[in-house]
Structures are given as C-alpha cells and as structure tokens.
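Protein chains: 2
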Amino acid sequence: MTKHSLPADIERTSMEIIARELTQRGIELEPCNAAVIRRVIHTTADFDYAEKLRFTPDAVERGAAALGRGAHIVTDTNMAKAGISRLSLERLGGEVHCFMAEPLIAEKAKKGGTTRAVAAMEYAAEHYPRAVLASGNAPTALLKIADLIESGLRPSLVVGVPVGFVNVIESKERLFSVCSRYDVPAIVAMGRKGGSTVAAAVCNALLYTASDMLDPAERGWH
Amino acid sequence: MTKHSLPADIERTSMEIIARELTQRGIELEPCNAAVIRRVIHTTADFDYAEKLRFTPDAVERGAAALGRGAHIVTDTNMAKAGISRLSLERLGGEVHCFMAEPLIAEKAKKGGTTRAVAAMEYAAEHYPRAVLASGNAPTALLKIADLIESGLRPSLVVGVPVGFVNVIESKERLFSVCSRYDVPAIVAMGRKGGSTVAAAVCNALLYTASDMLDPAERGWH
Chain A
1 MTKHSLPADI ERTSMEIIAR ELTQRGIELE PCNAAVIRRV IHTTADFDYA EKLRFTPDAV
61 ERGAAALGRG AHIVTDTNMA KAGISRLSLE RLGGEVHCFM AEPLIAEKAK KGGTTRAVAA
121 MEYAAEHYPR AVLASGNAPT ALLKIADLIE SGLRPSLVVG VPVGFVNVIE SKERLFSVCS
181 RYDVPAIVAM GRKGGSTVAA AVCNALLYTA SDMLDPAERG WH
Chain B
1 MTKHSLPADI ERTSMEIIAR ELTQRGIELE PCNAAVIRRV IHTTADFDYA EKLRFTPDAV
61 ERGAAALGRG AHIVTDTNMA KAGISRLSLE RLGGEVHCFM AEPLIAEKAK KGGTTRAVAA
121 MEYAAEHYPR AVLASGNAPT ALLKIADLIE SGLRPSLVVG VPVGFVNVIE SKERLFSVCS
181 RYDVPAIVAM GRKGGSTVAA AVCNALLYTA SDMLDPAERG WH
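In order, the protein sequence lines correspond to chains A and B.
1 is the number of the first residue of the first sequence in the numbering used here; add one for each residue after it.
1 is the number of the first residue of the second sequence in the numbering used here; add one for each residue after it.
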C-alpha cells in the first residue's frame, strides 16, 4: 500500500478483506444479497450488517431492475442524496430527490401537525409513486411508508435503514412486515443501526448491479 | 412514544438512553469529551465509539472556540458537508466547504499524479489554513494533512474519522501522533470505523458547544 494507490485498487483490496473476514466469521451470504451486504460493510467497517440486513424475496433483483428502467430515488436526508452515485443513476435514466429542506414540506408538516419526514414521504408518494424510497434517518418516514403501502402505494423498493434509539426498531419491524404482506421489495437493517451512509450504500450497490446487467463492458470501478 | 413526538423530545430521550447504557457498560466519559462522544453514538447507534474516539488535550475546547470565532470547516466528502448544521455554522460566522467535486481539483490531482482527496486538502491548506479539517472518507487526505502539519500548517482542529480496510488505521495513527507532537487539536476515531456521518456528528457537537458558549439562551434543540 502506498499513498499513490488508485481508488479502484483500494476498493478491490477492501472487498477481498471483507470476503475473507466474513469466511473467518463463518458467515456465508446469500449470493443474491452479497453485493449489497458487502458494500454496506465496506461503507461502515461494521460486520454486524451481515446479520442485520434483511431482504424480502428478490428485493435486490427487483430493485436493480427498477433502477435499470430509470426509477427515481427519494431519500429522507440530503446526506443520503449526496452519497448516491449520480453518474450511475443518470446513466440509467433516474434522478435522486430529497424533499426534506423544501419550504413547501415544512409548511405541509406544520399544517398537518406532523414531521417534515412524514410530509416529505407523502409528497414523494404523490409525485413519484414508483420510486425507490430510501430512509436512513426518520422512523416516522418508515411508518408513513408502511401506512401508504397499506393504502395501495407500490414503490419499486423500500430501503429502510434509519438509525437511532427511539421507535427505530419498531418502525423497521412494521415496515418489513407490511412490505412482506403486500409483496413490496424491501431491504431493512434490523435493530438500531443504519444511517444516511448505509442508505446510500444500499442504493449504490443496486445501481452498480443494474449497470452491470445493462452493459457489463462499461462497468467502471465501484 | 407516538408518531407525533417532536424531534426535540426524541433527541432528549435518545441521549438519556445513551447515558444510561454507557453507565450499564461501566464506561465513564471524560466530561470535556462527553458531548462529542454521545453525539457520535447518537448518529451511529454504535457504542464502540466510546472507546475508539481519541482526543488530544483540550481538542474539544479549542475546536469549539475556533468555531465560535467563525472558523470555516473543510470536509473531504459532500455527504459530510451536507450533514453539518449550516444554520449553527452561519450564526457563528463560518462556512463549510468541500472541494472534492471541483473540476480544478480533478485537474490538480491528475497533474500531480495523486488522489483528488490529496489535491483538495492541499487546496484547503492554501486557502483556509486555519480551518477545521474534517475527513470521514480518505486516508490519503489524513496522510496529506499530517505532512502539511510537519511542514508548518496549523489548522484549528483536525477531525480524522475515515472508514475502511486499507491504510485507514495507519493513517489515523500517524495523524494523531503528528497532531500530538505539534500541538494541533485532533479528534480521531481509532480503528477501521468512521465515515461522513461521524465527521458531521463531531463537527455538529462542537458547533452546538460553541453556540452554547456564546449564547446559552438561544440554544435550540440539537
């Protein structure tokens, strides 16, 4: 390792270390979920995610296929938005949105007596009903998504990875159960951990998978 | 806990849970560093940081004092930039910058045969020599900061919290040792863990401390 190693080499070496340490820990990943799990570990250096990330059946395949068809992504933080590979997303025809800081959302939240996260998800459901919804912050956003799915919303995928100590575990359990029941693809980090970097990492892993499916020759380093 | 709890209440409850669990784990934080450590745990739900965050003497006090005087912050990712409380920073007279995506930096990196992170830190050192330098991503940025300090740079504070598997541990150890030797305040997450959310959390904890020092009455919820 020198100071001048290329990012591509560092990433390759990191992924090899992660694969080796997973084996040493006796953890065997489901092949269909491995790319997402390894990318989240790469982003956090936290092997807990190998056991905490839960996937509805075919969530990765269906999420990547939707992104391959140009699905948009809606996040609940500007941090997650900033962490999503805009280049990969734009090549596939998608865009990333975060409505949390929009004055309109603050106004709607105030009028409705609710949080901005809830108002932002209501807005997303109305304007981007087939988006990938990625929440790395607000359990209230997850609970709202669960309610909306019960009322008929069918997002392409829900990435439910808020972090925290209050209402986080319960909101993830409810979301996962509702998504399973209504056959909505979901990737959820059970437990307290998660965050904007995790939300972005899950989305990026799916974007790279989608890019590979479309044109493996054009794949850069991820 | 209802869906309609205010963010301020959730934050207060979360901080109480963190304090209680730290006690249960037999961990007693140095009072001067407690606000930073608790905020990082709040951001990650990861108690490892109680043992991994290392501080040079008076790093919190000196970092907060610099921000109170309007010091700028330079980050090595747009994610960290997006996570820093702009409102708190602007009230104190500071700004946050990230040069990673600037075309000029890509050009400088190419010419110098180095990474964009290194070129961005060189640029920061030249234009904002007294800034708070916050790295949540690139170990090459940390190594460059260490070199620059040896050559005479005196940033107001270095927040060294990159995440990863290659060269990360070594870069943090070198940075902490150089900062200690040259009396530059530093807050470093030893080991592999860290990231943009951690970099932002450390900066925000210091911004809130700085705001409280200036005007405790104006303190909102953090």
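Honestly, the hints are just simulated from the structure, not real lab data.
Some hints could be false.
It does not matter which identical chain is used: a pair holds within one copy or between any two.
[What the hints assert, rightly or not] Calculated pairs, SDA-like style, for lysine to any residue (alpha carbon to alpha carbon, straight line, at most 20 angstroms):
no.	residue 1	residue 2
1	K111	L6
2	K111	G70
3	K108	E30
4	K111	A8
5	K52	K108
6	K108	R62
7	K52	H42
8	K110	L6
9	K52	E95
10	K52	K111
11	K111	E61
12	K108	P7
13	K108	D183
14	K108	Y128
15	K111	A65
16	K108	E16
17	K108	R181
18	K110	E16
19	K108	A19
20	K111	R25
21	K110	P7
**List of violated hint numbers, smallest to largest** = Going through the list in order, the structure violates hints 2, 3, 5, 6, 9, 10, 11, 13, 15, 16, 17, 18, 19, 20 and respects the others.
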